[in-house]
Every structure is written in C-alpha cells, then in structure tokens.
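Enquirer: Based on the provided sequences and hints, a complete structural model is requested.
Chain order of the listed sequences is A and R. Number 232 in this note's numbering belongs to position 171 of the first sequence; there are no gaps in the numbering. Number 1244 in this note's numbering belongs to position 185 of the second sequence; there are no gaps in the numbering.
Calculated from the structure, these hints are not laboratory results. Be a bit skeptical, because a hint or two may be false.
Said to hold, decoys possible - Here are the computed lysine-lysine pairs in the DSBU-like style, where the Cα-Cα straight-line distance is at most 30 Å: (1) R/Lys-1121 to R/Lys-1133; (2) A/Lys-172 to R/Lys-1075; (3) R/Lys-1075 to A/Lys-116; (4) A/Lys-200 to A/Lys-221; (5) R/Lys-1121 to A/Lys-200; (6) R/Lys-1133 to A/Lys-177; (7) A/Lys-312 to A/Lys-145; (8) A/Lys-200 to R/Lys-1133; (9) R/Lys-1075 to A/Lys-258.
As the list claims (entries may be wrong) - Stretches of chain A that chain R covers, calculated by requiring three or more beta carbons in the stretch to come under 8 Å of a beta carbon on chain R: (10) 83–91; (11) 181–190; (12) 258–269; (13) 272–285; (14) 302–314; (15) 326–334.
Bear in mind the structure is a predicted one, so any value in this text is a computation, not a measurement. Every residue gets a Cβ at the ideal spot worked out from N, C-alpha and C, and that includes glycine.
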Amino acid sequence: MATAAGTRVAAPTPSIPARLRRSTGRFVALSPALVWIVVLVLLPNIFLITYSLWKSDVGTITHTWNVDNYRDLFGSEIFQTLLKRTLIIALASTTLAAVIAYPLAYVIVTKFGRYKTIAALLIIIPLWVSYLMRVFAWKIILGEDGVLNGFLQSTGVTNKPSTAFLYSTSTVILTLTYVAIPYVFLSTYTALDRIPKHYYEASGDCGASAWRTFRHVVWPLSRPGVAVGFGIGFVLTFGDYVTPAMVGGLKGTMLGSIVLQQFGTANNWPQGAAIGVTIVAAGLLVLAIVSLFTRLEAQIE
Amino acid sequence: MTPGRDSHDVGRRLRKLGLAVAIGLAMGLVYVFLYAPLIMTAVFSVNDSTVQTLPFSGFTTKWYSALFADDQMKSAIEYSLQVAAVAVLVSACAGLGFALLMHRMRFRGTGVFQALLASPLVAPGLVLGISLLVVFNYAKVEPGFWTIIAGHAAFITPLVMFIVLQRLRTADPSLEQASMDCGAGPLRTFWHVTLPGVRVALVAACLLGFTLSMDEIAVTFFLAGTRPTLPVYVWGLLRFGFTPEVNAAFTVIAGGSLLLIAVAGILLAISGRRHAAPEARQRRRRLHLPWRPAAKAGGLGTRDVAPRQAYMKGS
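Expert: Now the structure itself:
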C-alpha cells in the first residue's frame, strides 16, 4: 500500500510524532467548524439553561442559582393550561398535516410519473414565501370582514358576519396544519420516492392487492420518513409564536406567546428562558419517541 | 365476450374512473388550500378598499404607490436586503467550507457533527432567537445588524452545506485527482476543478438562503434591536392597525422570492442532470484549465476528449 504512486500515503506504521502531526492537522482543519458549532449551537443552549437557573429582580438579572423559575412555572395553573393546549395544538396540527401529506405524497409518487417532481415542488414552494404573509393571509380569510364571511353572506348561508372563525384554538390548529404540510410532505415524499418501482410490481405479481402491497411493502419502508416529518412538524409548531399572535387571540395563546411576553413587556428573561428550555425539552422528547419509529425493518438495496 | 362480462367491465372501469376523479379532486383541494392564502394576499393588494372582503371592489395600484412612498417601509426593505446579502455571503463561505470538510474528512462522529450544525435549521426560530439573545446579552453585544447576521447564518449555513454536500457526493473524484496529478496544488485544484463543479449548487443554495433571510421573522424579532427588518416592521404594523399596503409589500417580496427560487430550481435541475449520467457528462464536459496542454486542437470529437487524455499522459 505504501508503494502506491502518490507520495502522500502514510507509512504503514507512522511514528508517534507523525501521527500527532496528522491529528493536529486534522484538528486545525476542523477548528473553524468546531468554533462555529460552539459559538452558534452549544453556547446558546448552555446559556439558555444557565439563564433559566438565574433570578430576575424586577428586570435585573442576578446570578443566584435556583430552580424557582421552574417551580413557579409548573406550579402555575396558567402555565399548565398553556402547556397542555400547546401540546394538543402541535399534536393535532402535525397529525392533520401528516394525514393530508402522506396520501398526497403517495399519489404523487405512484401516479404522476415524470410530472411528480413538479407536483412535489408545488407543495414545497410555499415554504419559501414569507411565513408572516402565509399566517396573516388566514386572518384575511377568516376574519369578521373576511373572505369566508363575505362568501357565506353573498351565498345566503348566513346573514351577518360571524366572528367564530378567527381567534380560537381551532384557527391556530388550521393555520399550523397549513404551515406543517410542506415539511411533513417533504420528508414523506423523499421516503416514498426512494422505494423502487419494481417493489410494487413484485408484490403485485405475487398476487398481493394494492392494499396489501401498501400495508406490507410501502408503509414499512416509508414509515421512517413519516416519523421524521412528524418530528420536524411537531418541533416547529410547538415552538411557534407568530401564528398564535396573528390568529390565536386569547383562546389560541401558546407557550411561545408567553416567551415573547417574558422577553418583551414582562422583562423576566430567566422565566422566559425556563419556558424556552421546556419547549426544547418537549421537542427532544417527541423526537426521541419518534426516533423509535425510524428504524427500517429492511434495507432498500 | 359475453354482454354480461362487458357490462361488468364497464362498471369496474366507471368505478375506477370515479376513484380517480375523487383522488384528483382531493388533491386539487390540497393545492387550493396551500395557494389560496397566497393568492388572496396578491388579490387584495390591488383591491380598491381598505376592508379585506369579497366582492372585489375594483382594481387599484394605490397600495403599491403608497408602499413605494413609505420611507419607513423602504428603509426596512433596504435593511432586509443588506442583511440577506451579508448573511448569505457568510453562509456561502462557511457552508462551502464545512461541506468540503465533511466530504473529505472521514472521522468518527461526522453524524453528530452534522446534526449539531443542522440543529438551527430544524429548531423553532423562537428557541434559536432567545438562545442567541441570551449569549449576546451575556457578552454585552448590543442587538443589531451583526446579531441578525449571526442568527440568519446559523440556519442558512447548514442549508448551503447540505446542498453542496449533495453535489460533492455525486461528483467524480477522479477529476480532482487528475488535477493534482497534473501538478496543480490543492488551492489551484480547488479553484479550477472543485469550485466549478459545485458552483451551480452553491449559487442555487445562496438564492434559497437569500429568500429565507428576507422572510425570516421568528429569529430576527429577538435579535433586531432598534432598526427593524421588513418582516419585523410589518409585524409591528399588523399588530397596531393595518393598511392593505402590507399586502402590496408581501406580494412584492413573495414575487421576488418565487422568482429567485425558480432560478435556483432551474440551476439545480441543470446541474443535477449534468452530474446524473457520468457517461453523458464526460462527453459534454469541457474543462477550462489554464495549464492544459494543446487541448484546443482537433474537431468536435477530440476537443472534448483531449483534456482527459492529457491527464493520463501526465500521470
């Protein structure tokens, strides 16, 4: 091996200094990336936890270590209600998104042939349109003077504008479903698209019905994609504050909304940080549960 | 064929057709669901009324005129463009560097490394925003231009990295080896072989990152300080009263974003096709190496093959 044409091939048993030099070289090459990770990923998370363990005295942060922030949070009824509601909203909207996105991806992959990429791109494109715009548009549609009310009145279904569509938990669920669909779709589509066409054919040739093929071939192979999509969708919707602020009203307030409050008007950063840590923990927990479903029973060759 | 069998066939075909129509309708509904809000915004940006409702009360461009007469709005747009440009520049350099690093170096823990780098991309913007905010606060850095850049670069860099990495994995490693064998140093090889190979993917990633940066609200809100970017400014407008001018602003930005991602998509498709079939690529590819020997001579056929032959002679 050492006699290969290149001169940069290391000797079979490099001396210790040579090995040291090599690993030092690697470390130097890696160091910018390490610095990047430390500064933009590790430190922020460490400091978030640190701040959540400090104390706020009327706006000034004192470095007294304590867990009062968490004790206050979990002792407060408001927080418990919000935590429960946020969980329900995130689970409901991500599940809805998965229920819509999976069949959609399935049909696109199996029936659209050469147009499948275009059809898939059309689902993902809204991700690149301003988040604020997508959420705000729902306010235009569902509001008291909104499009839906205008439509219902002009068709004679109702005779006065209804305020029921906006500012409720279901409005937030609807909007977050809308937001989550492209993410879940992206992940399920990738998983489904990776299943070779001849798997379907082989299953059909062996006499399996379309349903059996789906149940025993397609679903087991695409389940990890659904799980990943669900995880990402959950994390993103669980930590959202833009949607509740725009279309949620009082009944649609989520954990993110009070983080915003604590970092803004309430000026209690340690409390806000504690809620932030709770959001991260909930996200990690769901990702851990989801990762149980990402193991493939068989490998795609 | 007996008539009975025939009618059975027709029945089955009808049922199949019905199912296809039902699936088609359901899919159509999903597309409507996804695009209706966007179209509504665009429609109401030219609606001659301050109330956002149907029926349409006439075409007007006054909201666009108002938009371009609004100095605060223009200043916010300008600021957003600056932020996006710098954030993308930083992310392009970092993302390209990390992609090359990930591609070249096989070390244990690459997965952890990538997951850590990618975490800002999948974390909720709120968490990224407040976690960076507390670090900057502790380091006594005032929120402003550079804190926004840090926040945006944190999630655009992994995006660039993954797109470039994808391209590097499908690239032909023999090209780089050939360049090295011809005596080009690592820097020269990078500049003349590696970079041209990933250039299109890099540009596409930058365009995608640019639109993300222009539209970002969740992270930016915490890191913006006193001068707002466009989404932060609009957020303020939406919370305290509202004019259809905002619809016009959204429509302009969305139009720009869609244009950029269309360009990015076409670029990625082209580069994907060029790299897809090595045989076809080898025939089509012409290397522009300044030190290549006498490659210009010859007709159509030899012109393309000459560089590769030259490499072989060289080594």
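Enquirer: Taking the hints in turn, state whether each one holds.
Expert: Going through the hints against the structure:
1. R/Lys-1121 to R/Lys-1133: 16 Å, holds
2. A/Lys-172 to R/Lys-1075: 14 Å, holds
3. R/Lys-1075 to A/Lys-116: 66 Å, violated
4. A/Lys-200 to A/Lys-221: Roughly 18 Å between the alpha carbons, so the hint for A/Lys-200 and A/Lys-221 holds.
5. R/Lys-1121 to A/Lys-200: 22 Å, holds
6. R/Lys-1133 to A/Lys-177: Violated - the C-alpha atoms of A/Lys-177 and R/Lys-1133 are around 40 Å apart, more than 30 Å.
7. A/Lys-312 to A/Lys-145: Holds, because 13 Å separates the two Cα atoms, which is no more than 30 Å.
8. A/Lys-200 to R/Lys-1133: Roughly 25 Å separates the two Cα atoms, so the pair holds.
9. R/Lys-1075 to A/Lys-258: Roughly 21 Å between the alpha carbons, so the hint for R/Lys-1075 and A/Lys-258 holds.
10. 83–91: Result for this restraint: holds, n = 3.
11. 181–190: Since 7 is at least three, the answer is holds.
12. 258–269: Coverage by chain R is violated for the stretch 258–269 of chain A (0 residues, Cβ < 8 Å).
13. 272–285: Three-residue rule not met by the stretch 272–285 of chain A, so violated; n is 0.
14. 302–314: Contact hint for the stretch 302–314 of chain A vs chain R: holds, 4 residues under 8 Å.
15. 326–334: holds (count 3)
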